[in-house]
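Generate the whole structure from the sequences, applying the supplied hints.
Line by line, the protein sequences give chains A and B.
Taken in order, the first sequence gives residues 557 to 852; the numbers are from this note's numbering.
Taken in order, the second sequence gives residues 207 to 539; the numbers are from this note's numbering.
What you were told as hints is all true, and nothing was included just to trick you.
Derived DSS-like pairs (lysine-lysine); straight-line CA-CA distance at most 27 angstroms: (1) 753(A) x 719(A); (2) 698(A) x 636(A); (3) 663(A) x 753(A); (4) 475(B) x 698(A); (5) 666(A) x 719(A); (6) 636(A) x 475(B).
Please keep in mind that the hints were generated in silico from the structure rather than gathered at the bench.
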Amino acid sequence: MTRGVRPRDSAGYTAFRVVNAALLLAMCALVLYPFVNIVAQAFSSEGYINSGQVNLVPRGFNLTTFHVVLSDDMFWVNYKNTVVYTVVGTVIAMALTTTYAYALSKKHLKGRTFFIGVAVLTMFFNGGLIPNYVLINTLGFKDTIWAIVLPNAISVFNLLVMKSFFENFPDELEEAAAIDGMSTYGIFFRIVIPLSKAVLATMVLFYAVAFWNSWFSAYLYMTDPHNYPVTVYLRNLMAGVTSGTTVTGGNLDNATQIASNVQSVTMLLTVLPIVCLYPFIQRYFVSGVMLGAVKQ
Amino acid sequence: MASDTAGATSVVEPPVPSARPSTRSTPRLDRPVRRTWRQALARDWRLYSFLVLPLIFFAVFRYLPILGNVVAFRRFRPGSSIFGDEWVGLYYVRMFIQDPAFWSAFWNTVILGGLTLVVVFPLPIVLALMLNELRSRRFKRTVQTISYLPHFMSIVIVAGMVFQLTAAKGTVNQVITSLGGNAIAFFQDPDWFRPIYLTSEVWQTVGWGTILYLAALTTIDEQLYEAARIDGANRWRQTWHITLPGIRPTMIVLLILNIGSFMAVGFEKVLLLQNPVIYSTADVISTYLYRVGIVSNSVSYATAIGLFEALIGLTLILSANAISKRTVGASLW
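Here you go:
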């Protein structure tokens with residue numbers, strides 16, 4: 557299109573660079589806007605939200621809704637459930653993924669290709685919603701934590717990332733340990749694990765964020781509200797299944813708009829841990845994904 | 207115990223001459239080529255013990271449900287075996303072929319999946335190219351960090367944001383009314399479901415989608431650009447003749463994967479966003495079978511639908527892969 561052939565930028569290319577930067581800034585603004593909007597609504601008073609005046613900045617600053625949400629026992633029960641599911645799920649997932657990946661990384665292991673195939677095949681075939689649902693019910697996992705943490709214990713993607721990490725692990729260390737008479741268990745727990753902290757931390761983050769954010773298995777298998785994670789609490793709030801809290805106790809004329817205030821606060825509290833950790837965890841995720849992509 | 211130590215010592219190999227990792231992947235000649243299972247187990251039983259729990263996991267939570275699809279052809283009674291009770295042949299298949307609600311969901315799936323492919327798939331490529339033109343590394347990193355953020359949000363949060371922005375007095379309606387339009391009840395009008403779904407999908411996935419393209423971009427040889435500059439190619443020509451061909455394998459692999467998941471349009475998101483008023487556009491196969499199988503408890507019928515959906519997905523990915531292998535030489539396997 558443009559015919560600028562000079563080694564420095566042509567006028568057309570300079571113009572393009574300005575437009576490009578402006579478009580990217582606009583994109584950032586659009587990405588961030590919904591977050592800003594939640595925060596603004598969470599701290600605003602009902603009157604302003606009702607009349608649609610809250611966009612970027614809180615209007616009628618108050619913390620009433622925070623008090624309302626935080627004084628709801630069910631919110632705390634569900635928030636605690638999310639923490640428990642995340643911790644237990646991540647521990648189980650890490651144990652299974654790490655051991656499987658480590659064994660698969662040993663090239664001399666007989667049947668290695670088969671064991672890799674067993675895992676990789678499940679990336680392309682899966683049983684589907686209904687057979688899984690029937691299975692979990694048959695196993696009697698309904699209304700237990702196992703319905704959430706066990707079916708998602710291994711992510712094949714994470715498994716492959718770890719496998720390729722262990723494959724690049726310096727052999728010499730393990731060989732030296734073997735000469736010293738250490739068994740495979742000793743090598744794994746006392747040499748490999750301590751030296752793999754970076755990749756283990758990345759995997760912990762992958763799993764923890766996934767468990768923290770998940771809602772559907774709980775929605776499917778939990779019948780007692782005391783077992784819900786906070787995501788299901790929030791979903792029910794949005795669907796109007798529960799009025800959320802005792803908000804309707806006051807003399808409020810528009811319950812649905814108030815609900816949106818409660819929703820904002822709940823959303824804010826739900827994403828809070830992730831947003832706080834985000835600046836620190838983001839680059840781990842990116843490098844993990846790249847590793848997985850390159851090595852597959 | 208004695209045999210264990212023997213096994214452990216036989217693990218020890220002479221050090222590889224070169225320390226480069228790539229040499230390790232070549233088979234070592236000093237090792238016996240074949241080992242019987244008995245020998246392998248005796249030698250590596252500790253490694254095999256690591257495999258036990260994960261294999262149980264795969265058998266129970268991945269392969270049993272695949273076998274469980276057999277209930278599509280068998281009658282299922284609650285509380286009985288997950289494989290159903292007696293054969294009924296294609297009874298449930300015929301049932302959904304004659305079910306208008308299924309076909310409505312089927313076409314919605316095709317349309318929504320097709321739109322997602324056409325709209326959402328190219329955008330990360332465009333964004334990656336735009337990011338690639340930035341010279342300030344800090345600016346580039348900031349834009350990336352911000353654009354990845356939605357990827358880390360729970361789908362419930364995303365749905366909540368969508369509801370909030372499209373509410374009667376939400377930001378979108380404020381913009382519309384301030385421009386002189388009438389406020390729109392977005393979630394009572396079937397025509398709005400697809401635009402809303404696509405917009406939220408773009409918002410959530412576009413930044414994260416750039417990662418692999420950006421990784422691919424860094425592998426392009428700088429010398430190619432230099433040569434092109436000497437030949438008088440401007441930035442557009444360089445992009446067209448060097449950058450795009452450079453990321454083509456990545457594009458193709460991701461395209462095949464996208465085609466494979468074409469029928470599985472964001473089930474969780476659709477489920478969260480839909481309501482009975484807008485089923486005419488917002489009901490997809492997976493949400494329909496959710497209602498049939500779990501809400502109404504017609505397990506066999508829903509399984510038949512799910513199996514059909516999975517077979518379409520599998521056919522799509524296999525044919526996309528085969529076509530791509532023939533025509534451009536890139537494939538998943």
